[in-house]
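Novice: The chain contents come next:
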Amino acid sequence: MTKPAMEVALADIRKRLRAFGISRPTVRAIIEELHTDLLEATGSGASIDSIIGPDRRAFAARIAEAHGRAPVPGRIPLLAVVSGLPVAIVAFFTYIVVMGGGPVLGRLPVVGRLPYSHLAFERQSTVYVDDGVWTMSHVDNSNEVWLVLGVYGLAAALGLALATFAADAALRLVRDDRRVATVKWLLVALPIGAIVGFSAAILFASTRDFSTRPRVIQVECILITIAIIASIALARERARRIPPPPSLSSL
Amino acid sequence: MLKGLIDPCLLAVIEADDAYGYEIVRRLEIAGLGDVATGSVYPALARLEQAGLLQSRREESGTGPPRKYYSTTVLGRAHLEAWRQEWLRLTSSVTRVLTNVPPQHQAEEQT
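The listed protein sequences correspond, in order, to chains A and B.
Numbering-wise, my numbering puts 51 at position 51 of the first sequence, and it's gapless, one number per residue.
Going from the second sequence to my numbering is simple: count from 1 and add 1000.
Bound conformation, chain B alone (with noise of 0.2 Å):
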């Protein structure tokens, strides 16, 4: 998976509902990302709230010391806006691409 993806991805699971970090590599790795999410969601979260697109929160986990939970920004949802747009277009041409085998090389494969 590309290393840039790894923001996105992270914004938008805890869009969904405010998380801490190891609740967010375990949901990851529900939708499939568990190869992603060794080692790369700490630091990404770092970056992404220091960027101020995330921000933190202590709560009292009830079992053990505090956890720390992220939730989104104003700037962080707009960001994910921004890219899933983004991503909706680059990958609607990626797939047209990929489908759609050019006239060109259809006629060298008749012949």
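Chain A with its partners taken away, still in its complex shape (with noise of 0.2 Å):
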């Protein structure tokens, strides 16, 4: 076996280790023993196959399991698109109808058809764009803040609903083997996240006295979707951790 041979198959084994997920000073701690042990096993006529087996990936797997990581690749990005988006979609029609959104809904041709179009939780209330700035009329729920609190209430959970769906179905379409803890850890870690967002949020926006400015209202949209980007990514990473094996308590 050559030194080039040898530096592809560390190369191979290292990307795979931090593919399921091993920290980089852990992988860097043991790319350096296995380089120093197969300078020598190679320097006196051994393979690298005697040594790490013919089976890099399976080679990698047993090591992130010793170090408590269940084999499976991270798949933050499909978790975040599968789980995200629906929670961004029920989010946004959310915010139009308790918003004044009957008028707003109403204009659709499909939707203006549906009874919850007539949802209207002020009065007379208009959106409209004026130098690049979006003004909305004074909100006038006082009456209805519990129905508007139940109404963010009821979409939140259908959110959870709609995104824990998504990615449970993503999840068993690409046979994940830690699907169900997965979406065990999304029910408790995306409300989380979406609170931590909300709030971040809103703080935000009460330093911009709510402004309703673009720039504003994207700075808002940015941080809640980091909040729910990285709960999706600590439920995954916690999805990920595995006990020790059983082998150690008998033979």
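Since the hints were derived computationally from the structure, they do not count as laboratory data.
Ideal placement from N, C-alpha and C gives every residue a C-beta, glycine not left out.
Here are the in silico distance ranges between beta carbons for each label pair:
| # | chain 1 | residue 1 | chain 2 | residue 2 | range |
| --- | --- | --- | --- | --- | --- |
| 1 | B | V1074 | A | S199 | 42 to 50 Å |
| 2 | B | L1005 | A | P54 | 18 to 26 Å |
| 3 | B | A1016 | A | L187 | 45 to 53 Å |
| 4 | B | A1012 | A | V8 | 28 to 36 Å |
| 5 | B | T1073 | A | V174 | 37 to 45 Å |
| 6 | B | D1017 | A | P54 | 23 to 31 Å |
| 7 | B | T1073 | A | V8 | 31 to 39 Å |
| 8 | A | I195 | B | G1034 | 53 to 61 Å |
| 9 | B | T1073 | A | D49 | 25 to 33 Å |
Using the supplied hints, reconstruct the complex from the two chains, each of which is provided in its own coordinate frame.
Specialist: Right, here's the structure in full:
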């Protein structure tokens, strides 16, 4: 086995270990150890396969398991899309409905025929753009505050249900080994992420006098998106942890 | 070889004298366990270290980069002793079964 072949093998193992969620310093230490030992092994005529086996993926997977990580990829982009999208859609429509969405949605040809298009929790609400600034009429929904909060709550529950359902379907499609654990953790992490994200957005808005300028709205959306994706990543990270194997307790 | 036996074998090999990964592989090969060593030693070393049965240190090799040497911990030696007792009891029982033909089977063979 030539030296470049060893480098290729080590690079492959490094990439796989990172994909399995092993931290960068740990991967570096593992690769350093393998590098030193493989140098000696190949120098004395042994093959790389005789040390790490013919299946590098299986080798990396066993090391990942030894470090308490299920040998499955992170899949954060996939999860962010499939679970973030339903949350965003539900949140958007809820916002439109609660903020006087009846008239707005009523203009749409199909939605206008649906009963909920007549929901409007404020009187004579209008949304218009003037010189790039979104302006809204005064929100007069003091009588329906609990109804508005109820719609928001219902939307949050619907968004969470759709998000976890979509994540479950996507992970089932790619035959992910940690599907069930991921969905369970999403049910915990997503609401926390949403609360943190919206709190951050409200806090930011308060520093801008709750301005509806596009730039302010954009920052609020970015804050919420970051919190949601972070919560998805956290859920996946927790789902990929596994307990030590039982082989330590008995023959 | 049964998968679970790699752990006690590694602990036994390292208990005799501290060693680095490739050295452990060679010791197993000399002991006739070369097939077991292929691809299994490094994951098992990591598992035993994570479980606190082994500890490691960096040591200059003199001929190249520093090596990672493994040694057994108190917990590791306790586990190894328990495994030894279990193994001796198990092999003793299995040997008895394999070498002593049951009386009923003897009678059948005679007829």
